[in-house]
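There are 2 protein chains.
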Amino acid sequence: MPTAEEQHKTDSTNLLLFVALLLLTIFTIWIFKHKRVRFIHETGLAIVYGLIIGIILKYTSHPEAANTLNVNSTNATCQQESTCPGLQFSNPELRQVTFNPELFFNILLPPIIFHAGYSLKKRHFFRNIGSILTFAFVGTLVSAIVIAAICYGFVSAMMLYNVDPSFNFGFVDCLLFGAIVSATDPVTVLAVFKELKVDVNLDALLFGESVLNDAVAIILVKAIQTYQKAGSSEFDSAAFFSSLGEFIGVFLGSFAIGGTTAIITALIFKFTKLGQHPVLETSVFFLMSWSCFLLAEAVGFTGIVAVLFCGVLQAHYTYNNLSAESKIRTKQLFELLNFLAENFIFSYMGVSMFTFSHHHFNAIFIVGAFIALFVSRACNIYPLSFLLNLGRKHKIPFNIQHMMMFAGLRGAVAFALAIRETCYEEQQMIFTTTLLIVFVTVWVLGGGTTQMLTWLKIKVDVDPDAATAVGENLPHVNNNGNMSEPETPPVRKYADSAWMFKFWYKFDQYYLKPILTHSGPPLTNTMPRCCLPLAKCLTSPQAYAENLDDDSDADFILNDDVSFGENQSTQNPPENSRIATEGIHTVTNENELKKDADTQQNNTPLSQEGSSEGFSSSYNGIGLSVVPSSGDDNQV
Amino acid sequence: MPTAEEQHKTDSTNLLLFVALLLLTIFTIWIFKHKRVRFIHETGLAIVYGLIIGIILKYTSHPEAANTLNVNSTNATCQQESTCPGLQFSNPELRQVTFNPELFFNILLPPIIFHAGYSLKKRHFFRNIGSILTFAFVGTLVSAIVIAAICYGFVSAMMLYNVDPSFNFGFVDCLLFGAIVSATDPVTVLAVFKELKVDVNLDALLFGESVLNDAVAIILVKAIQTYQKAGSSEFDSAAFFSSLGEFIGVFLGSFAIGGTTAIITALIFKFTKLGQHPVLETSVFFLMSWSCFLLAEAVGFTGIVAVLFCGVLQAHYTYNNLSAESKIRTKQLFELLNFLAENFIFSYMGVSMFTFSHHHFNAIFIVGAFIALFVSRACNIYPLSFLLNLGRKHKIPFNIQHMMMFAGLRGAVAFALAIRETCYEEQQMIFTTTLLIVFVTVWVLGGGTTQMLTWLKIKVDVDPDAATAVGENLPHVNNNGNMSEPETPPVRKYADSAWMFKFWYKFDQYYLKPILTHSGPPLTNTMPRCCLPLAKCLTSPQAYAENLDDDSDADFILNDDVSFGENQSTQNPPENSRIATEGIHTVTNENELKKDADTQQNNTPLSQEGSSEGFSSSYNGIGLSVVPSSGDDNQV
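Each protein sequence line maps, in turn, to chains A and B. With UniProt numbering, the residue at position 320 of the first sequence is 320, and numbering never jumps. With UniProt numbering, the residue at position 227 of the second sequence is 227, and numbering never jumps.
In isolation and in its complexed conformation, chain A is listed as follows:
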């Protein structure tokens, strides 16, 4: 047993190792960005470096000790340490280079997921909301079941031919594996998309799908584990319905906690002047967002899912109430946390490939898993796209479908789900296979993204603003707060979208946004007469002066009205609404000009991507509609 001081020194050394690994990765990323190398992405790189360090650690730290520990002793070890500690490492020294698996779920994932929600490009996201929800919910379930079925086929075959006598892998284990590897990762592909300015709707579809399916996969895994713990090997309908209930309950509960936190935060910033002190404001924003994670975990829901919805709503409501400085501060803070956490996780994956001692490689299962992955992705994308295309005015073309098929990478969430439980042989096999799947998909699919885009002739270098310049089709709210339809009748386009979203959109614009932010129309005009005192109390003074068009979501469109590859540049810029809000626009534009000047001064074409993207997308408002499109030349 090492003394506390020795322990502390070892901990520091290990952490230093990972910091050095991160620094190495960052420098290589920089060199690659500098030289415009695209065959491998930063996450792929982080894995490679992790693998190298893992090999070095394994073969430099007393290999004889590693041999004395037997894989079969795992269960005993786990049961001795009553709380099932997760990773077992091959010798005491390697055991040091490990972190509590809960670390991934409780410290590293939340900022990644929150950032995903917070940096969501609402415009494109909501335009494709129907398709995204279908892919995320139905798609993930289909994917998990197909993977489970195929893997179960392979496992049964192995048992039948008695390949591995000690092998005991039931259908529920297969289902668990299916759920774990159904969480697709947006990081790598989307980084390439961003760099190449790929078609915004493809980007929105993939981003939306991968963000939401993380939530679905996480809760699915939780539900399956609840079912597993019910214990019987036969199908147990009581346990099934209880885990189904848990799935729905946890989802709704997490959603409610995330939503409530965001609403409270929005109201705090609306009714106080915390913005006078950006440090306090940013702290409150950070602490509130974190507290929704902790609250969800404390009451037994899923913090990650709560934090995701919290992030989406914080971006939709709270962001508008922040001071200009805090808008930048919060974006930059979460961007940094996301970057560090992500690279740490991918480095750690590489390291754990060699330092985790209880890997359980089963070649047949691994082959089966890769086949299952491929088939399940096909069963997810193509049939659902076909069904969605029946309802979409602008269809999802085949090249986009192929790209979505190709972009099914697995990453941090799958890893974090797999590493949580590695006590039993089946769990170890799941962990090992998941790790391999992450490596292969990140390297092969991530590295091949650029090539695949060229090959599928997908439009790149699209001006994201040009494709969204359809703001003129929104119901127009004038300064008196009375709704009036714009000159060009929007009826035809509205017919495309589901009534539910139309309802939600109106509810959001006329009630939620005015209640939660400073934007108009004033509630005194939209709420029933009986609620007048309440409406007066809730309406911000700015709402009377402001126009709907000035809001960041003026182009929050409900229908799938932008086709893939079609140029949607505006024919009729809404001159009238622009004039109506002249005064307010002047301020906004000054801000933009200043930002632009800064950007040019820095000569950093890429550097502003992460930080100012979300920022400017929230500032542009209706101004977008006059940006000329330059996308046509690349169209195929």
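The reader is advised that the hints may include incorrect statements.
You can't tell identical chains apart in this list, so a pair holds if it fits in one copy or across any two.
Each computed BS3-like pair below joins lysine-lysine, with the alpha-carbon atoms no more than 27 Å apart [unchecked claim]:
{"#": "1", "residue 1": "K197", "residue 2": "K122"}
{"#": "2", "residue 1": "K9", "residue 2": "K229"}
{"#": "3", "residue 1": "K35", "residue 2": "K270"}
{"#": "4", "residue 1": "K194", "residue 2": "K273"}
{"#": "5", "residue 1": "K33", "residue 2": "K197"}
{"#": "6", "residue 1": "K33", "residue 2": "K229"}
Quick caveat, the hints were computed from the structure, so don't treat them as lab data.
Chain A is fixed; fit chain B onto it per the hints.
Leaving out everything else, chain B in the frame of chain A:
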């Protein structure tokens, strides 16, 4: 034994409790700032809230369990848990509301200390460097020894009259206590100073003293603990010299690690164009600064001290190489981390007052400690001021001395040092007494700062730039890189400062700064002929075009040439140098104008304090000299 899941829920609940506590503190801070309440500072508030939560926790969670645990069983508990876990809490549920004491030293203190170093106002700091070093080194040693002597007097008296027979508190314990409570805390007083814009030299003296004496106290405690572990109760000269050696070794080692890290970081940013990607740049900056902490801990030095020097040097060199965006990003990041960590520590202090079960209150010792504190501060400030005044051209007046005497608050560092070891009764008594000292000094001295400033008739509302506008007395380096003396001969003023600092200043300006940053003069002019190839290689292209005056430290003065309360507004603005660097100034000023415009737009007079202070102080350069002084009216 709770299951992993229960444990996780409890952990989440506890963390949620602290997050809620922080939020509560922040809101109260905001209300207090809003209402301009100054009788209690935010740190004092955090303690009060912590105390309330502590009481609630203590009396709501199974009080009967608390009574069954006996204080005398402590040693047994400690020895059972072989690594001496620090805090013992009065019942299993309260035990949950605890954190590993190492958390304070390894997670919460580093950002606070780094921020202190990074936000150091170099101009005023270096002008008073001699006095600051004297107060920090000699003063802390004097303080520790005086406290130890007085406390030992009280302890001996108690033993003589047999007040507490079980009592066993040797001189070394007293010395340990003296070292722990000699670490003064800058937070509370300086926050008040900043708000009131108090005399900059008083501010610099107190800030410099409290930052550096943390380092001295931390290493002193480490050395005394080494001596203690040698074990004999008699004076052991071998152990004494080994701990003296350790004191010097650890100080120099930590200094070297911090310095090396900062130099490497500066060179990285000088010779790469990482600034094109601010996220990468900020990450590297953060990781490098953190790695110096980890490296120092891994090799057995003191991470906190390393991080302090690293922070000072990062601000002095690396900061100038950062891109404009990263300058703001890094400032804001560490400002936020500092704010959160600080308030967390002070909240936690309040909570631990009631939840820590092994408090050892000894009224006589506590009274003795407060007397010792008062006497030791007097023995530190007045004699040292007297000695320093013999050498200073502009003396430290008595009202400033009284204010320094009054401003001896104890805070986070003293707490972190005391909580590290709480196994034995003596350590518990030290912990309890330190906690009380922190509370009383933060509330009474912190709360009385404004009153005391008025009472002592110390100048407030001083324009910090006006008092430092003495840039014209520096040796002037023209564009050819040849040194030339300015028109007004500086000889008389230089005579005031020690040769060592003159040497250091020249060495820094002509060699270190040109090597580590982009500023001039070119090394090709200053280095010996034989090193010409190396000099060419190290000199940045900007150095040939740049002028010394353009650097952020143009007013880096070595002598204590600014008197307290005297108006130092410039009589002769150096027109010539201003014209010489016109082109470069244009860019800088544009940046400033943009910043100013942003600031005005936000209407946030206080919000910019923390974030833009360091920024503008680094941008102003020689431009300072034309700022008119407005300080005279308030002078008494």
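**Study point:** Ascending list of hint numbers which this structure does not respect
**Key:** Checked against the structure, the only hint that fails is number 6, while the rest are satisfied.
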